[in-house]
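Taking the hints into account, I'd like the entire structure generated from these sequences.
First to last, the protein sequences are chains A and B.
In this text, residue positions in the first sequence follow our numbering: the first is 339, and each later residue adds one.
In this text, residue positions in the second sequence follow our numbering: the first is 339, and each later residue adds one.
Everything labelled a hint here was simulated from the structure, so no lab data went into it.
Heads up, some of the hints might be wrong.
If several chains are the same, the list does not tell them apart, and a pair holds so long as it fits within one copy or across any two.
Straight line, CA to CA, 30 Å or less: simulated DSBU-like cross-link-like pairs of lysine-lysine [what the hints assert, rightly or not]:
| no. | residue 1 | residue 2 |
| --- | --- | --- |
| 1 | K405 | K560 |
| 2 | K618 | K560 |
| 3 | K356 | K479 |
| 4 | K618 | K590 |
| 5 | K558 | K618 |
| 6 | K405 | K340 |
| 7 | K579 | K495 |
| 8 | K479 | K538 |
| 9 | K340 | K396 |
| 10 | K340 | K450 |
| 11 | K579 | K560 |
| 12 | K618 | K579 |
| 13 | K495 | K479 |
| 14 | K579 | K450 |
| 15 | K506 | K560 |
| 16 | K534 | K560 |
Remember, it's a predicted structure, so these values are computed and weren't measured experimentally.
As a plain string of letters, each chain reads:
Protein chains: 2
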Amino acid sequence: MKLLECVPNISEGRDPEKIAAISSEIINHPKVRLLNVSSDRDHHRSVFTFVGEPEAVKEAALSFALKAIDLIDMRDHRGEHPRLGAVDVVPFVPIHGVQMEEAIRIARSFGKALGERGIPVFFYEEAALHPDRRELPVIRKGEYEGLPEKLKDPHWKPDEGPAVFLPKSGATIVGARFPLVAYNVNLISQDLNLAKEIAKKVRYKDGGFPHVRAMGVELKEKGMVQVSMNLTNYQVTNIPKVYDFIEEEAQKRGVQVAGSEVVGLIPLGVLEGIVQHYLKYPEFSIRQVIEQRILEFE
Amino acid sequence: MKLLECVPNISEGRDPEKIAAISSEIINHPKVRLLNVSSDRDHHRSVFTFVGEPEAVKEAALSFALKAIDLIDMRDHRGEHPRLGAVDVVPFVPIHGVQMEEAIRIARSFGKALGERGIPVFFYEEAALHPDRRELPVIRKGEYEGLPEKLKDPHWKPDEGPAVFLPKSGATIVGARFPLVAYNVNLISQDLNLAKEIAKKVRYKDGGFPHVRAMGVELKEKGMVQVSMNLTNYQVTNIPKVYDFIEEEAQKRGVQVAGSEVVGLIPLGVLEGIVQHYLKYPEFSIRQVIEQRILEFE
Chain A
339 MKLLECVPNI
349 SEGRDPEKIA
359 AISSEIINHP
369 KVRLLNVSSD
379 RDHHRSVFTF
389 VGEPEAVKEA
399 ALSFALKAID
409 LIDMRDHRGE
419 HPRLGAVDVV
429 PFVPIHGVQM
439 EEAIRIARSF
449 GKALGERGIP
459 VFFYEEAALH
469 PDRRELPVIR
479 KGEYEGLPEK
489 LKDPHWKPDE
499 GPAVFLPKSG
509 ATIVGARFPL
519 VAYNVNLISQ
529 DLNLAKEIAK
539 KVRYKDGGFP
549 HVRAMGVELK
559 EKGMVQVSMN
569 LTNYQVTNIP
579 KVYDFIEEEA
589 QKRGVQVAGS
599 EVVGLIPLGV
609 LEGIVQHYLK
619 YPEFSIRQVI
629 EQRILEFE
Chain B
339 MKLLECVPNI
349 SEGRDPEKIA
359 AISSEIINHP
369 KVRLLNVSSD
379 RDHHRSVFTF
389 VGEPEAVKEA
399 ALSFALKAID
409 LIDMRDHRGE
419 HPRLGAVDVV
429 PFVPIHGVQM
439 EEAIRIARSF
449 GKALGERGIP
459 VFFYEEAALH
469 PDRRELPVIR
479 KGEYEGLPEK
489 LKDPHWKPDE
499 GPAVFLPKSG
509 ATIVGARFPL
519 VAYNVNLISQ
529 DLNLAKEIAK
539 KVRYKDGGFP
549 HVRAMGVELK
559 EKGMVQVSMN
569 LTNYQVTNIP
579 KVYDFIEEEA
589 QKRGVQVAGS
599 EVVGLIPLGV
609 LEGIVQHYLK
619 YPEFSIRQVI
629 EQRILEFE
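Shown next, in the form of structure tokens:
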């Protein structure tokens, strides 16, 4: 069985009926599975996670997006999170038995279908067609409110669909990316600067590990501080690398690790590196896991 | 999806045609998956591993056993491994979404069906009906050759089937057990006594961890020694417990761990304890793994 994941973000986080109606496009598709819905009132935004065979995921993503475009009106939308449109971002993520090339192909084909229905579409990350469209924040700069001006600029001609501002729907950003692992390490300290200092050492932007974003965070209720990370390619930089590094840096400063956590769902492949490292077992493969074998048969 | 595993051991390890014919009873069953076949010429014995929904596994195990009983003649059988019959041992193992109670029920029902076809059957481990039949070596004592005498003893009346010695087929031992994890830790030392000493400290028989069998082994080609273990209930004693203990004991003696390895296939659940321990993440659950979620839907 091949598994492609889709994690669409839509600009509706408050109306449970609308969210349910949009969800139902995924729930009612017989060949995909909805794993998670996370809605945020302050951001006025919902994030859906669903998986299935690549073609089925593309189909379900399209009916989902058309329903969201039908029900959401951006002219009323206010929220804290930056956004460009009703269906704001649609990333496709290779999880299991799928190469990045296939995720890119599905993203481009989904974006083309959406463009043919009149929505301006920009491709980002691995699916980007222009080097300056790889990064989400660059594409989203100016947000929905700046879109009328942006679409007049020939430099910002959409990759699919017309260069036309749609007041109701805005534009959609479609892409392919590696699975993102949200991983946090908690430190027995109340010194936020210490967490910020270690976050700076670990993140790529400041000379740390590739594919790592990190920040220092205060956990007031726990009376601790945290190094909060996104590992954007766990095959290049995995959890043991950052865990051991952070533990060492903390200990240098006389601080112990309280614990760590993964936020949300992860592919089985993330566990491979953990077993390899801590058991000194470099040959370990998830193909030794019975459940993995079963999925390969399906 | 529920997954029950069956690991039948048969007394044929030399004739590839016979082994293929017996395998085909599993391969041709549409609802079970053959994961592994391991044949040993010296032991004149083959071990099969297959999985599926509980009822399908029972069905496939029965047609497999009848084919093996048809093709194997114990009167010709010589091998190093102790055995009682053509279909020697048939353990059922709960892997995924199956409780031990269900594995026991399937084992008893399989044993009953085999008994009705005239084969003497003894139930062992979790499926045992007598406290002195829990352990395989106790039931197998005297082997095939001692079976005519054993079956005359009222104490050894079979749990299913007649108390009749079948020269061609012998008897079959049927049971239910937890998944067995074969796990080895290699030490950078050539001192076999050191490995034996640590093995003794780790195994239950000599006061170590529950559900651990262990021995010291020499790895001549690698120029190392090894603590070779069977973890017979990984939910009680898991890999991190024995790995860390062995590492500490070795270091006390000035010896380092070279590496470790799992032999054969393991259920995903085995990885849970590894992640919990090494990432200081006691809440980690395999339900955070996407592939696990997918199997729950199937």
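Now for the hints, and whether the structure bears them out:
Taking the shortest Cα distances, K405 and K560 never come within 30 Å of each other, neither inside one copy (41 Å) nor across copies (62 Å). With identical chains, the CA atoms of K618 and K560 are at most 30 Å apart between copies only, with a shortest distance of 16 Å across copies and 33 Å within one. For a Cα distance limit of 30 Å, the shortest separation of K356 from K479 inside one copy, 27 Å, qualifies, whereas the shortest one across copies, 69 Å, does not. Taking the shortest Cα distances, K618 and K590 sit within 30 Å of each other both inside one copy (24 Å) and across copies (19 Å).
In this assembly of identical chains, K558 and K618 lie within 30 Å of each other by CA distance solely across copies; the values are 20 Å between and 36 Å within a copy. Within a single copy, K405 and K340 get their C-alpha atoms as close as 26 Å, which meets the 30 Å cut-off; across copies the closest is 35 Å, which misses it. Taking identical chains as interchangeable, the C-alpha atoms of K579 and K495 are never at most 30 Å apart, the minima being 41 Å within one chain and 59 Å between chains. When the C-alpha separation of K479 and K538 is checked against a cutoff of 30 Å, the pair qualifies only within one copy, where the shortest distance is 24 Å, while the shortest distance between copies is 65 Å.
With identical chains, the CA atoms of K340 and K396 are at most 30 Å apart both within one copy (13 Å) and between copies (29 Å). In this assembly of identical chains, K340 and K450 lie within 30 Å of each other by CA distance solely inside one copy; the values are 23 Å within and 40 Å between copies. Taking the shortest Cα distances, K579 and K560 sit within 30 Å of each other both inside one copy (25 Å) and across copies (28 Å). Both within a single protomer and between protomers do K618 and K579 lie at most 30 Å apart by alpha-carbon distance, with minima of 14 Å and 15 Å respectively.
For the homomeric pair K495 and K479, the shortest alpha-carbon distance inside one copy (15 Å) is at most 30 Å, but the shortest distance between copies (81 Å) is not. Taking identical chains as interchangeable, the C-alpha atoms of K579 and K450 are never at most 30 Å apart, the minima being 39 Å within one chain and 53 Å between chains. In this assembly of identical chains, the alpha carbons of K506 and K560 never lie at most 30 Å apart, being 43 Å within a copy and 69 Å across copies at closest. Taking CA atoms no more than 30 Å apart as the test, K534 paired with K560 passes inside one copy only; the shortest distance there is 17 Å, against 46 Å between copies.
Taken one by one, the earlier hints fail for this structure at numbers 1, 7, 14, 15, listed in ascending order.
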